[in-house]
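Asks: Residues per chain are reported as follows:
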Amino acid sequence: MRILPYILARMLHAIPVLVGVTIFAFLAVKFVPGDPVRIMTHGRMSDQEVEVIYHKLGMDRPWIVQYVGFVAGAAVGDLGQSIIQNQPVSRLVAEKVWPTLSLLLISAIVSVVIALPLSLVACFYRNRLPDHVIRLGSMIGFAMPSFWIGIMLILTLGVWAKLFPISGLGHGFIDRIHHLLLPSFTIAFLLVPILVQSLRASMLDVLASEYIEVARAKGLSEWRILTKHVLRNALIPVITVLAVNISWLVSGAVVVEYVFGLPGLGSLLVRSVGYRDYPIIQGLSLVFAVIVVVVNLLADLCYGLLDARVLKE
Amino acid sequence: MVDRSHSASASLLEVEDLRVEFVSSRGTLVANRNISFSVAAGETLGIVGESGSGKSVLCRAILRLLPSPPAQQTAKRIAFLGRDLMQLSERQMQEVRGQDIGMVFQNPMTSLNPVWTVGDQISEGLRIHKGLGHSEARRAAVRLLRQVGIPSPEIRVDDYPYRWSGGMIQRAVIAMAMAGSPKLLLADEPTTALDVTIQDQILSLLMELQRATHMSLVLVSHDMGVIAETSDRLMVLYAGQIVEIGRTREIFENPAHPYTEGLLRSIPNVGDKERQLTPIRGQPPDLARLEDGCPFAPRCRHVSADCWTADLQLAEVGDGHMTACLHPERIRLSKTLVDVEQ
Amino acid sequence: MATEALGSTRNVATAIAAEIMSWNLSLKVGSAIMMAIALIGIFAPWIAPYDPFAQDFEAVLVPPELNHLFGTDNLGRDIFSRVIYGARVDLTIGVITTYVPMTYGVVLGAFCGYIGGKFDMIVMRILDVAMAFPFLVLIIVILAILGPGVQNIYISVFLVAWTMYARLARAEMLVERGKDYVLAAQVLGYPRSRIVFRHALPNVMNSSIVFSMSDFVLNILLVSGLSFLGLGIQPPIPEWGSMIAEGKEFMLQAWWVCTLPGLAIVITGTALSLIGDGLAKRLGERHHTLV
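Protein sequences appear in the order of chains R, W and V. Going by the numbering used here, the first residue of the first sequence is number 14, and it counts up by one from there. Going by the numbering used here, the first residue of the second sequence is number 97, and it counts up by one from there. Going by the numbering used here, the first residue of the third sequence is number 87, and it counts up by one from there.
In isolation and in its complexed conformation, chain R is listed as follows:
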């Protein structure tokens, strides 16, 4: 019963953030130096045609009115119309949201799968050579730019070794996953170092607990202690770590989609910037922010539930 007020409190907290996000998304386009419509149409329209477009977009009304219209529209899923592609922004978003979400999900899974054994080893051999090697490897991996890794992976595993397809999304469930693996590995280079460091730190924390000493007194082997006791306890904060870093995950996804030609929100953003398609840019910034806020909210809720049941001491 104490959970309900907690959920409400977190959601209440998210609302001003969402409001701020919409304000920013709305205002951003207003700051384009020069005339956004003329820029979008590359100056190829007469003044009168531009006026008509302005009126159609409702951009000649006072800002407050426009803002309300913007938010009201967004709430029901109308994010405006792309001038250049002549389609509703929301349709474009709907088409491209699944590839992005799948990429994010598979990247998260791949990263956790790689990070877990690495952090176990780092913990088991703490402060000895394997630990230092893993730490150094993490630093090197983190310093590699995603677009560069993407290119390297395409060259090595895609072209020379012919193990993975090098672009596009493929057809069918299994094929899709196959196409998403190389991009996921690319994002993993960024995420695994963060996860390993976080996991290692929380594992070391758990190892210092008294119940671990009790477990040793029971005659359990160090390996069993690590895998059965430490791991389970240390995994709990992973959800939070992933959620907090969703921002980086998404940033990585934007670049990776571009490199691998995946038809997702990220490549849509990049292309729209090139075409100066402001409605899309505006809509996308809103969508991305909402994704981040929602993921953080879910993580807060998850953690709150777990906390009540398990971590209360």
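Be aware that a few hints might be false.
Said to hold, decoys possible - Derived DEER-like restraints, expressed as beta-carbon distance ranges: (1) R/VAL146 x V/ARG284: 38 to 46 Å; (2) V/TYR190 x R/ILE153: 28 to 36 Å; (3) R/GLY183 x V/GLU335: 45 to 53 Å; (4) W/ASP402 x V/MET107: 43 to 51 Å.
To be verified - Here are the simulated DSS-like pairs of lysine-lysine, each with C-alpha atoms no more than 27 Å apart in a straight line: (5) W/LYS279 x W/LYS226; (6) V/LYS114 x V/LYS367; (7) W/LYS226 x R/LYS241; (8) R/LYS69 x R/LYS43; (9) V/LYS334 x R/LYS175; (10) W/LYS172 x W/LYS279.
Claimed, not checked - Some chain W residues close to chain R (C-beta under 7 Å, calculated; not the full set): (11) LEU161; (12) LEU162; (13) GLN190; (14) ARG193; (15) GLY194; (16) MET199; (17) PHE201; (18) THR206; (19) SER207; (20) LEU208; (21) ASN209; (22) GLY221.
Calculated from the structure, these hints are not laboratory results. We put the CB at the ideal spot given by N, CA and C, even for glycine.
We have chain R already, so just place chains W and V on it with the hints.
Replies: Leaving out everything else, chains W and V in the frame of chain R:
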């Protein structure tokens, strides 16, 4: 230096010349030195001392649980049922832990893993060492919970620790330690973190279990009252060394070391309206900077010049009663004086 | 750190030498590498064998060899020289995008933590909103509005990057605020700004300093990423990220064009992380060096 406080033939555990040091950048701290004693089958040995006397380190040293980089443990031997524990590999020690020797820790609230059920933790040892299957293990856990007095064990066995009170958790911890039917149970201040009323219950439980299984019990406490109630024999630790050892009754009636005397005098007596509490003046010594001579000398009421330089040995003052004091007779003397005064 | 000895420079030099000797391995190795890279960048005109802009159509897409250590690109430009000159660009941008926001970010965070109340609440709300957008997305959006180029990168980073520092400094200030020396200064009647700047601030900077190393890495990756996407440094200025973008088209025939500048980024980034790791250990606190 062998403990001759009782016949060696019935010894379950024999510790000979144990020394534990902690090496750090700031110097070497000697937590235990010259520790030699034995425990017979079926008896309770109480270990009493203040914080920093080395009693917790001693328990862990017996099970070789001290982490090896900072801690350095040496002993002539630690014989348990004939095997020298100091010679065993880590794998072999793991077999001994939980199965032959069990341990109960001080703080129940942090002794259990919060994300495992109580039952799983109790039966884990059985599953690992005796290869019990899932349902067998669960039944064993229920049985053990019943043995330690947990009501409705069939339901409680699936509980998570956060729902339980300190006393209940400590019972569960005892059940966990008893799971492997150990012949020796080490209890490191098992009641210190509990309310007084619960303390009593837990102590009775331990005594009852001991009677039922005929196991030996080593009970560590800073509370002389607890020791008096439970222990057959008693060992007093000060600054990492044994200063007195012998039968509990004997020591209470005739303490042979000024520190023991001080401890006994500082027990408040409810019926005694007139006597002021007499604490032991001074502070325990810094274990990183121990000097020659008796470590208690700075605080001793009966100290003399030779106490500061003598090399300490345990000497017999009665049947199975040994002391490290050079002048135990002074204690008896002062006691008679007090009797005379009254 | 190094004590300022009045008088002979020899005292200062020995003090500095002693300080460096006491550093741990990560700090030493990382600093040494960064020093080398910085020097390479500074002395680029003397070290680089070729003019980074000079095109040579006789030597297009030449693989690495004695004359061209890193090979040449599709316009015959020597990659080795371009990578060396690229160090100037990337390091300069890295320093500016990291340390400028750090200054006002830390100050803002410290004030928020110290003053609390409405000011704190408003700033924190703004911070929450800013952090709701994925960093790269935010920068891209701002660049879309303002147009590409270094100046606009600076503007967009300055608008956004202060948030993490503000958060870190505020958290530390909340702890410092309760300490006795702050109380003493308050009792003495010192104005708030003095207390924050002269007394508390130096003590709340630790986690920000450690984080600045990861931020440096991330900013270099950001700039090169933006240049790769065509939104950052425009060709023909040599910048590691745009070089990788240029080389992408030829990656099958001439792997060296995009591989080697990437290595430069990796080495620089690793050195910075090593410094961050070493700093964290040195400053004695438990930090997350990666984000």
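Asks: Hint by hint, note whether the structure agrees.
Replies: A quick look at each hint next to the structure:
At roughly 44 Å, the beta carbons of R/VAL146 and V/ARG284 sit within the given window of 38 to 46 Å. Between V/TYR190 and R/ILE153 the C-beta distance comes to about 32 Å, which sits within the given range of 28 to 36 Å. Checking the proposed 45 to 53 Å range against R/GLY183 and V/GLU335 shows it is violated: the Cβ atoms sit about 24 Å from each other. The hinted range of 43 to 51 Å is satisfied by W/ASP402 and V/MET107, whose Cβ atoms lie roughly 50 Å apart.
This hinted pair checks out: W/LYS279 and W/LYS226 have alpha carbons roughly 16 Å apart, not beyond 27 Å. With a C-alpha separation of about 12 Å, the suggested pair V/LYS114 and V/LYS367 falls inside the 27 Å cut-off, and the hint holds. At most 27 Å may separate the alpha-carbon atoms for a hinted pair to count; W/LYS226 and R/LYS241 meet this at roughly 18 Å. Between R/LYS69 and R/LYS43 the alpha-carbon distance is near 17 Å, which keeps this suggested pair within the 27 Å criterion.
The straight-line distance between the Cα atoms of V/LYS334 and R/LYS175 is roughly 18 Å, inside the 27 Å bound, and the hint therefore holds. Taking the CA atoms of W/LYS172 and W/LYS279, the gap is about 22 Å. The hint holds against a cut of 27 Å. For W/LEU161, the shortest C-beta to C-beta distance to chain R is roughly 6 Å, which falls under 7 Å, so the interface hint holds. At about 10 Å, the closest approach between the beta carbon of W/LEU162 and any beta carbon in chain R exceeds 7 Å, and the interface hint on this residue is violated.
Checking W/GLN190 against chain R by beta carbon gives a least distance of about 4 Å; that is within 7 Å, so the hint holds. Checking W/ARG193 against chain R by beta carbon gives a least distance of about 4 Å; that is within 7 Å, so the hint holds. Evaluation of the W/GLY194 hint against chain R yields a held restraint, the C-beta minimum of about 4 Å falling below 7 Å. This hint holds: W/MET199 has a C-beta 4 Å from the nearest C-beta of chain R, less than the 7 Å allowed.
Interface restraint check for W/PHE201: the shortest CB-CB distance to chain R comes to about 6 Å, inside 7 Å, so the restraint holds. Residue-level restraint check for W/THR206 holds (minimum Cβ-Cβ distance to chain R is 4 Å; threshold 7 Å). Annotation: W/SER207 was flagged as interfacial toward chain R, and the flag holds, the nearest CB pair being 5 Å apart, inside 7 Å. For W/LEU208, the shortest C-beta to C-beta distance to chain R is roughly 6 Å, which falls under 7 Å, so the interface hint holds.
The interface hint given for W/ASN209 is met, as the beta carbon of that residue sits about 5 Å from the closest beta carbon of chain R, less than 7 Å. At about 5 Å, the closest approach between the beta carbon of W/GLY221 and any beta carbon in chain R falls short of 7 Å, and the interface hint on this residue holds.
This entry does not satisfy hints 3 and 12, going by the numbered hints stated previously.
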